[in-house]
Amino acid sequence: MIQVDNISFAFAAQPIFKDLSFSVRKGEILSLLGPNGCGKSTLLRLLRGHLKVQSGSILWDSEPIEAISTRKMALKVAMVPQSVHMTFPYTVAEVVAMGRYPHRRNILSFSRASDQKAINHALAMTDIVGLVDRPVTQLSGGELQRVFLARALAQNAEVLFLDEATSHLDIDHRLEFSRLLLRLNREQGTTIVQISHDIDLAAAISQRMLLLTEHGETAGIGKPHEVITEENIRRIFHVDVKIENNPFSGTPQIHPLLNTSVHQFRELKIHLICGGGSGKTILRKLHLAAAELTVGPLNHGDSDESVASALDIPMAEESPFRPYSRAVLDKTWQMIAHAEIVIIATSWWGTGNLDCLKLAHRALKQEKKVYLVNPQKTNDYTKGEAWEQICRLKNDGAVVVEREEALLEMLKKDHACSEKCATASRRFLPHRVLPKA
Amino acid sequence: MNNFLHAKRRWFQLLMLVVLPGLAFFFSLSAGSLDIPPEKLLSILQQGPGDNIEQTIIWQIRLPRSFLAALVGCALSLSGVTFQAVLRNPLADPYLLGVSGGAALGAVIALTCGLQSTLMLPLAAFIGALSALLLVYLVARAHTCTTHTLILSGVMVGSLAAALLLFLLWRAPSEASRQAVFWLAGNLSLADPGWVSWGWLWVAGGFVLLWMLAPHLDLLTQGDETAEDLGLDVGRSRLIFFAVAGALTSCAVALTGLVGFVGLVIPHICRLIWGPGHRRLIPLSALFGGCFLMLADALARSIYAPAEIPVGVVTALLGAPFFLYLLRRKGAGV
Numbered sequence: 027m028i029q030v031d032n033i034s035f036a037f038a039a040q041p042i043f044k045d046l047s048f049s050v051r052k053g054e055i056l057s058l059l060g061p062n063g064c065g066k067s068t069l070l071r072l073l074r075g076h077l078k079v080q081s082g083s084i085l086w087d088s089e090p091i092e093a094i095s096t097r098k099m100a101l102k103v104a105m106v107p108q109s110v111h112m113t114f115p116y117t118v119a120e121v122v123a124m125g126r127y128p129h130r131r132n133i134l135s136f137s138r139a140s141d142q143k144a145i146n147h148a149l150a151m152t153d154i155v156g157l158v159d160r161p162v163t164q165l166s167g168g169e170l171q172r173v174f175l176a177r178a179l180a181q182n183a184e185v186l187f188l189d190e191a192t193s194h195l196d197i198d199h200r201l202e203f204s205r206l207l208l209r210l211n212r213e214q215g216t217t218i219v220q221i222s223h224d225i226d227l228a229a230a231i232s233q234r235m236l237l238l239t240e241h242g243e244t245a246g247i248g249k250p251h252e253v254i255t256e257e258n259i260r261r262i263f264h265v266d267v268k269i270e271n272n273p274f275s276g277t278p279q280i281h282p283l284l285n286t287s288v289h290q291f292r293e294l295k296i297h298l299i300c301g302g303g304s305g306k307t308i309l310r311k312l313h314l315a316a317a318e319l320t321v322g323p324l325n326h327g328d329s330d331e332s333v334a335s336a337l338d339i340p341m342a343e344e345s346p347f348r349p350y351s352r353a354v355l356d357k358t359w360q361m362i363a364h365a366e367i368v369i370i371a372t373s374w375w376g377t378g379n380l381d382c383l384k385l386a387h388r389a390l391k392q393e394k395k396v397y398l399v400n401p402q403k404t405n406d407y408t409k410g411e412a413w414e415q416i417c418r419l420k421n422d423g424a425v426v427v428e429r430e431e432a433l434l435e436m437l438k439k440d441h442a443c444s445e446k447c448a449t450a451s452r453r454f455l456p457h458r459v460l461p462k463a
Numbered sequence: 008m009n010n011f012l013h014a015k016r017r018w019f020q021l022l023m024l025v026v027l028p029g030l031a032f033f034f035s036l037s038a039g040s041l042d043i044p045p046e047k048l049l050s051i052l053q054q055g056p057g058d059n060i061e062q063t064i065i066w067q068i069r070l071p072r073s074f075l076a077a078l079v080g081c082a083l084s085l086s087g088v089t090f091q092a093v094l095r096n097p098l099a100d101p102y103l104l105g106v107s108g109g110a111a112l113g114a115v116i117a118l119t120c121g122l123q124s125t126l127m128l129p130l131a132a133f134i135g136a137l138s139a140l141l142l143v144y145l146v147a148r149a150h151t152c153t154t155h156t157l158i159l160s161g162v163m164v165g166s167l168a169a170a171l172l173l174f175l176l177w178r179a180p181s182e183a184s185r186q187a188v189f190w191l192a193g194n195l196s197l198a199d200p201g202w203v204s205w206g207w208l209w210v211a212g213g214f215v216l217l218w219m220l221a222p223h224l225d226l227l228t229q230g231d232e233t234a235e236d237l238g239l240d241v242g243r244s245r246l247i248f249f250a251v252a253g254a255l256t257s258c259a260v261a262l263t264g265l266v267g268f269v270g271l272v273i274p275h276i277c278r279l280i281w282g283p284g285h286r287r288l289i290p291l292s293a294l295f296g297g298c299f300l301m302l303a304d305a306l307a308r309s310i311y312a313p314a315e316i317p318v319g320v321v322t323a324l325l326g327a328p329f330f331l332y333l334l335r336r337k338g339a340g341v
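Heads up: the sequence lines are chains U and B, in that order. Residue numbers 27 to 463, in the working numbering, belong to the letters of the first sequence in order. Residue numbers 8 to 341, in the working numbering, belong to the letters of the second sequence in order.
A few of these clues could be false.
Unchecked claim - Here are the simulated distance ranges between beta carbons: (1) U/A150 / B/V215: 31 to 41 Å; (2) B/G242 / U/S193: 43 to 53 Å; (3) B/F329 / U/V110: 22 to 32 Å; (4) B/G29 / U/F136: 26 to 36 Å; (5) U/V110 / B/E182: 46 to 56 Å; (6) U/A139 / B/I280: 45 to 55 Å; (7) B/F189 / U/V155: 20 to 30 Å.
Said to hold, decoys possible - Computed list of chain U residues with no C-beta within reach of chain B, every gap over 12 Å: (8) F263; (9) T404; (10) V427.
Claimed, not checked - Example chain B residues on the side facing chain U (calculated, C-beta under 8 Å, incomplete): (11) D225; (12) D240; (13) G284.
No wet-lab data here; the hints were simulated from the structure. The beta carbon of each residue, even a glycine, is placed where N, CA and C say it ideally should be.
From just these sequences and the hints, can you work out the full model?
Below, the structure written as structure tokens:
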């Protein structure tokens, strides 16, 4: 559809692109990503022909862009611009009708029945039928963006360019907008090239993505999961994020690592015994509070295990669905020996994890603090053996925490963070990379 | 109910479109140093031209003059509408591109050279205006004619012309310079009636062209890139509009000197009432511009009759307060 070959472009002395090549395929949704100022909008303007490349070539259906007339270009591609200031109070209907201009062939540019049909269709698709008589100068940013989209739809072109067209939209209209783009793409085969700052949403609807570096070079082009990687995001945007797949759509999703914790357990060495999802919230909270965590034993594939490995927490790990082996239990014990505090968050007890309680007892004997998070007799599937050991732990001084939410408060009370560590540098990201024990 | 009100308002507006020009025309014919009452006016108009003194006044003097006023009002407000749309600035006016300076310079050169004939003066002013326009274009073309360079070079050419003008006035004999000042303030009595029909042809041509290209003006108000996105050859159509608007202004200035405020205020009022769509705005501005200047001229003739105040003074006195009121009510984005 659009072939970009070795283009170079500079504003005065400021080079933007050098030898950039890629292509836009017919019928795809391609998202352009990159840090502010990397030239995404400039690239779109180059593709549209508003700016001329200084070297290289841009071909539309193997025709050089310079050779295509303005009107023919408007029939090929419609543009949804960033929100702009409107000077004159045109009504919404008038602005949307402007989208039909390239289709008007008569010298007086009078509209025809087909024009009116396309306009009504566009108004309905973008949910602005109720706004038709309103002056555009009185609309909100989001309403204006929908008007621009309607104008582009009325243009009825085979390619749609969107320059941050959803930046002012509420979530309902943003999703509606995406749904509309998908529908246009699937039903009418519209090729869509968009600039978006909503990486998650862009990844969800795009077939391919083009990631630009701040120097206008290609950092990656391909399917969303190939482009949206932790490595790429760190390299281009200089932030640490976690990327997981959206459980619903399977598309990559970015999780920013913001420390929202109000607690500080810096340098407090804690070992967590958990499993089956009982420990993931505690893991996350303690991680954000900057505690020096270790965890285990855990089977590979356990949901607690995936959280721990996502957070790079040192862990004693067993193969899936196997009882804990001697080696893993030994490793766990080394971790416990290294820790000051042991937290037992396991909910269900069976023959498989009974050994953990023994380890806890050993820890207690070595005068380590042991916390039991909400132990329930009904969750004992070892015919009473586990419960018996839990009771013994209690008698020997293990602290029972009734609710998981109260754990951090209790830890804070028992191990008040020293003056030194409270004033320790406030780290934005508690991202510690410890050597895996 | 709402529909009914809407329809009623429409009818009222349509009625206004017929009644207002008629009234303005009538008033313009009957006002002046010799008051001619309406019923007498009707009979004179029915009788046709004749030797009677009142017939002579109406047919030989006032009728051409009303036509001239209408013509200049039309031309200026058409050019105002165009400039405001192309420059996307509701405060633009027809004299923006140095046309006024050029025309004034041409006229004053003619005056100081002793060419006082009513035939030569408009021609000199017209040539001056067009040369200024050409100079502006040639300067701006070096930078692909963006609106900014056009405005800047327009202002510069205007200042250059103004400096030369002052120099000439300083050197000129006092009679010529008095006449020049009168011309600079706008004066409808200078034009030779023979020029009026030519002027009308010129303005009619400009009007037809602008009305045909009205959707292009709509697109240009949306910004250059958007206009191009929608398939408009922006550079070319902007040039056409500047040329047409410049030519209309030149024509008006050549015939009557610098009549201010019509080109600024009339498009505003029309936009306020009928919205910014140029298919409607262009004919309405032309109509109301013509009416406004006919009325202003009638006032200029009758307030101090038999003396006559420059019409530019009346338009400014009527226009400026109204404009201030609009600014206060709606802000600059009217």
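Hints, one by one, checked against the model:
{"no.": "1", "hint": "U/A150 / B/V215: 31 to 41 Å", "in the structure": "holds, 37 Å"}
{"no.": "2", "hint": "B/G242 / U/S193: 43 to 53 Å", "in the structure": "violated, 30 Å"}
{"no.": "3", "hint": "B/F329 / U/V110: 22 to 32 Å", "in the structure": "holds, 30 Å"}
{"no.": "4", "hint": "B/G29 / U/F136: 26 to 36 Å", "in the structure": "holds, 29 Å"}
{"no.": "5", "hint": "U/V110 / B/E182: 46 to 56 Å", "in the structure": "holds, 55 Å"}
{"no.": "6", "hint": "U/A139 / B/I280: 45 to 55 Å", "in the structure": "violated, 29 Å"}
{"no.": "7", "hint": "B/F189 / U/V155: 20 to 30 Å", "in the structure": "violated, 58 Å"}
{"no.": "8", "hint": "F263", "in the structure": "holds, 28 Å"}
{"no.": "9", "hint": "T404", "in the structure": "holds, 67 Å"}
{"no.": "10", "hint": "V427", "in the structure": "holds, 62 Å"}
{"no.": "11", "hint": "D225", "in the structure": "holds, 6 Å"}
{"no.": "12", "hint": "D240", "in the structure": "holds, 5 Å"}
{"no.": "13", "hint": "G284", "in the structure": "holds, 6 Å"}
Checked against the numbered hints given earlier, this structure breaks hints 2, 6 and 7; the rest are met.
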